[in-house]
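Dock chain B against chain A, hints included.
In order, the protein sequences belong to chains A and B.
Following numbering that gives the first Met the number 0, the numbering of the first sequence begins with 0 at its first residue and continues without gaps.
Following numbering that gives the first Met the number 0, the numbering of the second sequence begins with 0 at its first residue and continues without gaps.
These are computed hints drawn from the structure, not numbers from a lab.
Don't be surprised by glycine CBs; every beta carbon is placed ideally from N, CA and C.
Fair warning: there could be bad hints in the mix.
[Unchecked claim] Computed list of lysine to aspartate or glutamate pairs in EDC-like fashion (alpha-carbon distance at most 20 Å, straight line): (1) Lys340(B) <-> Glu417(B); (2) Lys161(B) <-> Asp227(B); (3) Lys94(A) <-> Glu81(B); (4) Lys38(A) <-> Asp358(B); (5) Lys77(B) <-> Glu65(B); (6) Lys17(A) <-> Asp209(B); (7) Lys82(A) <-> Asp227(B); (8) Lys408(B) <-> Glu355(B); (9) Lys74(A) <-> Glu204(B); (10) Lys94(A) <-> Asp43(B); (11) Lys94(A) <-> Glu65(B); (12) Lys38(A) <-> Glu417(B); (13) Lys226(B) <-> Asp209(B); (14) Lys74(A) <-> Asp209(B); (15) Lys17(A) <-> Asp371(B); (16) Lys77(B) <-> Asp97(A); (17) Lys155(B) <-> Asp91(A); (18) Lys321(B) <-> Asp342(B); (19) Lys74(A) <-> Glu101(A); (20) Lys340(B) <-> Asp292(B); (21) Lys38(A) <-> Glu64(B); (22) Lys187(B) <-> Glu162(B); (23) Lys94(A) <-> Glu64(B); (24) Lys185(B) <-> Asp97(A).
[Unchecked claim] Stretch-level coverage of chain B by chain A, calculated; a stretch enters the list once three of its residues show a Cβ under 8 Å from a Cβ in chain A: (25) 40-54; (26) 90-98; (27) 190-201.
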Amino acid sequence: MKIRELTCIVCPRGCALKAELGEGGEVLSVSGNLCPRGKTYAIDECTNPMRVVTSTVRCESGAVVSCKTSRSIPKGMIFDVMKEINRTVACDGLKIGDVIIENVLGTGADIIATSMG
Amino acid sequence: MNTKATKELSAELVIVGGGPAGMAAAVAAYEEGIRDILILERDDNLGGILRQCIHNGFGLHRFGEELTGPEYAYRYEKMVRELNIPFMTDTMVTAISPERVVTAQNTEYGIFTVKAGAVILAMGCRERPKGALNIAGTRPAGIYTAGTAQKFVNMKGYMPGKEVVILGSGDIGLIMARRMTLEGAKVKAVCELMPYSGGLARNIEQCLNDFGIPLMLSHTVVEIHGKDRLEGVTIGKVDEARRPIPETFEYIPCDTLLLSCGLIPENELTKDAGIELDRITNGAVVDGDRETDIPGVFACGNVLHVHDLVDYVSEEAAIAGKAAVRFIRGEGKKDISVQVKCDGKVRYTVPQRLTEIADTRIYFRVADVYRDMKVTVRAGDTVLYQKKKQKLAPGEMETVELTRDMIDKAQGLGAPIEIGLI
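Same shape as in the complex, but just chain A (with noise of 0.2 Å):
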């Protein structure tokens, strides 16, 4: 049985988690967690971790406007999804949730603005 030290990055207090590890890399057990996002936290971190991604587009006019993922996308496709922001030209005038890209490479997750353009 391994276990696996953790910190959970679902809110400021970063709590110390430690999973307990099955032979196959399943999570038998989560510990350390003060609330129950943080045993999702560790679950999808031993098994498919996932991450938002906070970025900046640019405009049509040059202006540059702060963007996101709508919802996390899996860790190893970070820069991928990077990529497609920075080769992507938004128009002018977008407002905060509004959405830049659809469905980013296929992870459900749309980029959408998080500030007024």
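Showing chain B alone in chain A's frame:
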């Protein structure tokens, strides 16, 4: 010759700074029934530093969801706009008098004054600059504070460089390590003078560990190299007295050095007004209402003490906003005077004094990393309250709740309340 008289305005409540603290204070004051409010902001829009903090993690406490900085700021900006709370942008406040006359300037009015019923200081903080760090070597281009680099990248769309070393592991430094990496730069190391990081554990995990960026604790930059443009830095390990150890010196080629070496509340106006400052927080000394020693002048947010979370800034600003309204209405009551002290392990508290018998949340920071301690509230020899904490660190602000009973007891004993660790 221009003989035009200085314009003289007045407002029941003047708020200096339109960042998260100023906006939350304004909204809270509005909700208490005050309409004659004026927010003075030096930038070209409301929102403060949150506008460039495009990463997420804001708002979990305040709004119950995870927002980015601009989204969090916009929630408040929208409230300010929808409530028609007056504000001026591109307006710089240059003086506040003890009589609560605020002097400011902008291109519309030139220099003007605002006579205020109450003033809330919400100027935020700034980064400790290179000049304050005394690093040896040359002074080439390519050295920025992390926040300046953040503004370049996130608001202007410019990358300051390609090969980066970061000095200081405050949260902005950690966030910028990730941000520069995402935009294609190579972040070679984050050096931290102290044996622990000043940033949140989650940021070390998701900003450094996710990208294999080394965090070099007890390390500092000892020399800067390069004539016109930065070419590299020499880093080294430091001993327990934080002196660099020559045998450990190592040269790292880089074109960019980012500094994330602490934040300093921006209190020039406060000092000039003659308000008493706390030499640990570098902010004003305040009571539970966040009122300074000048009646009717309040302070909140990072100008009072540097916060980890904007959620707590909003919370504190609401306290100041509501209290300012009570002051304007002549309802502020100050029936006691109890000092709040700390034992050294606890480095500072806010508020530093209590003037009212009411349940009060005390914010504090500790001086070092401590494990398995009891946060202890005492008045003289009497222990009023204790709670266990597994871990306390200087980078994470803590709170303890003082009840009316505890304050009443301390008042009865005639002793200050001391917050300490055992």
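Now for the hints, and whether the structure bears them out:
1. Between Lys340(B) and Glu417(B) the alpha-carbon distance is near 5 Å, which keeps this suggested pair within the 20 Å criterion.
2. Restraint check: the Cα-Cα separation between Lys161(B) and Asp227(B) comes to about 16 Å, which is no more than 20 Å; the hinted pair holds.
3. In summary, the hint linking Lys94(A) to Glu81(B) is supported, as the alpha carbons are separated by about 17 Å, within the 20 Å threshold.
4. Under the criterion of a C-alpha separation no larger than 20 Å, the hint pairing Lys38(A) with Asp358(B) is inconsistent with the structure, at around 34 Å.
5. For the given pair, Lys77(B) sits about 18 Å from Glu65(B) by alpha-carbon distance, which is consistent with the 20 Å threshold.
6. A C-alpha spacing of about 18 Å is found between Lys17(A) and Asp209(B), which places the hinted pair at or below 20 Å, so the restraint holds.
7. Distance restraint check for Lys82(A) and Asp227(B): the Cα-Cα separation of roughly 32 Å exceeds the 20 Å cut-off, and the hinted pair is therefore not satisfied.
8. Of the pairs offered as hints, the one joining Lys408(B) and Glu355(B) holds, with about 13 Å between alpha carbons and a cut-off of 20 Å not exceeded.
9. Taking the CA atoms of Lys74(A) and Glu204(B), the gap is near 13 Å; set against the 20 Å cutoff, the hint holds.
10. Taken as a hint, the Lys94(A) and Asp43(B) pair is honoured in the structure, with Cα atoms around 18 Å apart against an allowance of 20 Å.
11. With a CA separation close to 18 Å, the supplied pair Lys94(A) and Glu65(B) stays within the 20 Å bound.
12. A hinted pair counts as satisfied when its Cα atoms are at most 20 Å apart, and Lys38(A) with Glu417(B) does not qualify at roughly 37 Å.
13. About 34 Å separates the Cα atoms of Lys226(B) and Asp209(B), which puts this hinted pair outside 20 Å; it is violated.
14. Distance hint between Lys74(A) and Asp209(B) is fulfilled; the C-alpha atoms sit about 8 Å from each other, no more than 20 Å.
15. The hinted pair formed by Lys17(A) and Asp371(B) meets the criterion: a straight-line CA distance of about 19 Å does not exceed 20 Å.
16. About 17 Å separates the Cα atoms of Lys77(B) and Asp97(A), which keeps this hinted pair within 20 Å; it holds.
17. This hinted pair checks out: Lys155(B) and Asp91(A) have alpha carbons roughly 15 Å apart, not beyond 20 Å.
18. A C-alpha spacing of about 31 Å is found between Lys321(B) and Asp342(B), which places the hinted pair above 20 Å, so the restraint is violated.
19. A threshold of 20 Å between alpha carbons decides the hint, and for Lys74(A) with Glu101(A) the separation of about 19 Å falls inside it, so the pair holds.
20. Distance check on the hinted pair: Lys340(B) and Asp292(B) sit about 17 Å apart at the alpha-carbon level, within 20 Å; holds.
21. Distance hint between Lys38(A) and Glu64(B) is fulfilled; the C-alpha atoms sit about 18 Å from each other, no more than 20 Å.
22. Distance restraint check for Lys187(B) and Glu162(B): the Cα-Cα separation of roughly 7 Å lies within the 20 Å cut-off, and the hinted pair is therefore satisfied.
23. Restraint check for Lys94(A) and Glu64(B): satisfied, since their Cα atoms lie roughly 19 Å apart, inside the 20 Å limit.
24. Among the hinted pairs, Lys185(B) with Asp97(A) is inconsistent with the structure: their alpha-carbon atoms are about 31 Å apart, more than 20 Å.
25. Check on the segment 40-54 of chain B: 3 of its residues sit with their Cβ under 8 Å from a Cβ of chain A, so the three-residue criterion for coverage holds.
26. For the segment 90-98 of chain B, the assignment as covered by chain A is violated, since 0 residues bring a beta-carbon within under 8 Å of that chain's beta-carbons and 3 are needed.
27. With a threshold of 8 Å between beta carbons, the proposed coverage of the segment 190-201 of chain B by chain A holds, since 3 of its residues qualify and at least three are required.
Against the hints set out earlier in the document, violations occur for numbers 4, 7, 12, 13, 18, 24 and 26.
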